[in-house]
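Chains as they are written, first to last, in this note's numbering: chain L, 49 to 250; chain E, 43 to 378.
Read the hints as simulated data drawn from the structure, not as lab findings. Cβ atoms here follow ideal geometry from the backbone N, Cα and C, with glycine treated the same way. Do not take every clue at face value.
Per label pair, the in silico range of CB-to-CB distance [as the list claims (entries may be wrong)]:
| hint | chain 1 | residue 1 | chain 2 | residue 2 | range |
| --- | --- | --- | --- | --- | --- |
| 1 | E | G200 | L | V199 | 58 to 68 Å |
| 2 | L | N188 | E | S194 | 32 to 42 Å |
| 3 | L | A227 | E | L146 | 14 to 24 Å |
| 4 | L | G208 | E | K229 | 55 to 65 Å |
| 5 | L | F221 | E | D250 | 36 to 46 Å |
| 6 | E | I198 | L | Q107 | 42 to 52 Å |
Derived BS3-like pairs: lysine-lysine, alpha-carbon spacing no greater than 27 Å straight-line [said to hold, decoys possible]:
| hint | chain 1 | residue 1 | chain 2 | residue 2 |
| --- | --- | --- | --- | --- |
| 7 | L | K232 | E | K330 |
| 8 | E | K114 | L | K139 |
| 9 | L | K139 | E | K229 |
| 10 | E | K114 | L | K96 |
| 11 | L | K232 | E | K106 |
| 12 | L | K139 | E | K271 |
| 13 | E | K116 | L | K96 |
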Amino acid sequence: MRGRFVKILFLDTSSFFINIAIANGSVITHHQEKNDNKLSERIFLILKQVFQNADITPQMLDKIYVANGPGSFTGIRVGLSIAKTLAWDLKIPIQPLSTFVFYASSYSEDIIISLYDRDEKGYIGFYNKNLTKKEEEYTNIGDFLSKYQDVKHFDIEKAGEVEIDFFRLIKKFAKKEEAVHGIKANYLKPLSFKKIVGDNNE
Amino acid sequence: MNDKYILALETSCDETSVAIVKNGYQEIASVVMSQISEHELYGGVVPEIASRIHEQNITWALEKVLRSANLKIKDIDAIAVTEGPGLVGALLVGIMVAKTLSWLHNIPLVPVHHIAGHIYASNLEKPMKFPLMALVVSGGHTELILMQEDYSFEKIGGTLDDAVGEAYDKVARLLELGYPGGPYIDKLAKEGVDNYDLPLPLDDNSLDFSFSGLKSAVINLLHNEKQRKKEINKADLAASFQNRVVKILTKKTMRAMEKYQINNLALVGGVAANSTLRETLEKQCQAKGFHFIVPKLIHCTDNATMIGAAGFFAHQLNHRFDDQLKAKSVNELTKE
């Protein structure tokens with residue numbers, strides 16, 4: 049990689065906002081927009097646009113970071129399917145990152161990040177100032193926050209108000225990579241089942 | 043003609059499958075990773091679980107197929123992917139992976155209807171002859187499709203309620219057999235005799251099917267026998283159920299052949315693996331001098347090879363995915 053800038057793709061389609069960023073040496077091209085239920089229809093249009101804006105092709109990538117959850121099940125899978133295929137095909141390293149880490153990178157202090165799911169419940173990520181995970185769980189967000197009233201809190205719905213520090217992520221996770229076929233989503237929320245009732249008259 | 047290689051992906055339900063097909067009829071390599079053991083516990087496919095497993099397995103399946111074919115993506119002429127119908131979350135995984143590869147290598151991406159795939163599994167067996175009648179029977183479909191030529195589909199009959207495979211699964215569950223129900227009932231039916239009084243479902247002049255009444259009849263029968271404290275002979279009930287199913291499928295298929303004056307029949311879909319159905323239709327076709335195709339068992343159940351076989355023709359006809367096309371859950375094969 050000597051003699052040229054390292055090119056890194058960040059892909060996060062897991063929650064309320066889509067984050068696609070390309071780091072090319074010291075230049076970051078970051079696109080953020082509100083996620084909607086049209087993600088799978090639009091994601092390639094957005095991806096192509098970001099590559100065009102960054103003036104590189106996917107073949108020039110050196111590494112990929114992908115958000116593997118928690119968040120929308122479908123959103124996570126869209127991101128993972130694309131990122132894993134890219135990394136596998138291009139034979140480049142890939143590292144999954146928690147959705148929370150993207151936003152935790154904006155803070156140089158302990159931070160609790162929340163992502164509401166339904167009712168009062170949602171996903172919580174508690175990270176220390178070194179971007180190290182203290183806790184991640186699916187729980188009642190209000191209850192969790194009341195336990196840590198002195199810790200700063202950030203809600204991912206307000207993602208537009210913070211700037212993700214991609215360089216910090218690159219530095220922190222520079223030596224991390226995982227085998228592509230083994231990469232899994234971190235859904236965090238347990239699957240719950242209703243009894244499968246196939247027939248009303250059963 | 044240059045050889046054409048199609049890389050095909052199929053993730054519409056509970057099989058993660060990738061294959062490479064040459065010229066539309068030759069399977070070069072194939073991987074089918076079944077999830078049956080994961081869904082067995084629930085007596086049916088759980089969509090969220092299916093999607094998760096596809097996502098975990100798909101790149102590995104791709105690598106395995108390319109390795110065993112000793113090919114690289116750049117040797118591929120087109121990528122075919124199941125666009126639907128199926129479980130939306132499950133389809134999405136295959137579509138996203140296929141789109142990524144198509145983008146990276148600038149290879150045409152061809153959407154394939156799942157049923158077109160099942161029908162074209164016939165071509166892997168022996169060349170399809172037209173005009174052709176296809177009886178498509180699976181866990182999600184029971185349809186009579188008329189094809190005047192390659193890749194032209196006209197639905198002339200279908201189920202009004204349950205698909206035939208669904209009826210098998212439900213009856214198997216009532217009899218406390220395993221999942222999927224087809225193979226268990228087929229096996230058990232061979233040990234029994236058809237002596238339970240079950241109705242022949244939707245025995246009318248139409249080309250449509252209905253299986254929910256037959257399933258209800260089984261439920262009622264089980265209930266009544268229980269009330270009378272009579273032991274059910276499961277093998278006999280399996281035989282009685284299966285005979286009704288095979289009889290009505292055969293009857294309406296033959297009627298459709300006669301009505302449209304067709305001499306070529308293809309029996310396709312997961313339920314085409316049913317030995318009694320295969321034998322019965324084959325005998326009837328022999329008696330009438332009809333040309334009959336039924337795919338190998340491994341090409342009856344969901345697989346990517348069939349998607350590659352159909353994708354070959356879809357590619358020739360210039361069917362293409364655009365960037366925005368998404369997974370289709372309920373789309374009609376005939377409404378292109």
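Evaluation of the provided hints:
1. E:G200 / L:V199: 58 to 68 Å: holds (59 Å)
2. L:N188 / E:S194: 32 to 42 Å: Cβ of N188 of chain L to Cβ of S194 of chain E: about 57 Å, so the range 32 to 42 Å is violated.
3. L:A227 / E:L146: 14 to 24 Å: holds (20 Å)
4. L:G208 / E:K229: 55 to 65 Å: holds (60 Å)
5. L:F221 / E:D250: 36 to 46 Å: With Cβ atoms ~58 Å apart, the hint is violated.
6. E:I198 / L:Q107: 42 to 52 Å: holds (49 Å)
7. L:K232 / E:K330: violated (54 Å)
8. E:K114 / L:K139: holds (13 Å)
9. L:K139 / E:K229: violated (47 Å)
10. E:K114 / L:K96: holds (24 Å)
11. L:K232 / E:K106: holds (19 Å)
12. L:K139 / E:K271: violated (66 Å)
13. E:K116 / L:K96: holds (21 Å)
Violated hints, in rising order: 2, 5, 7, 9, 12; the structure is consistent with all others.
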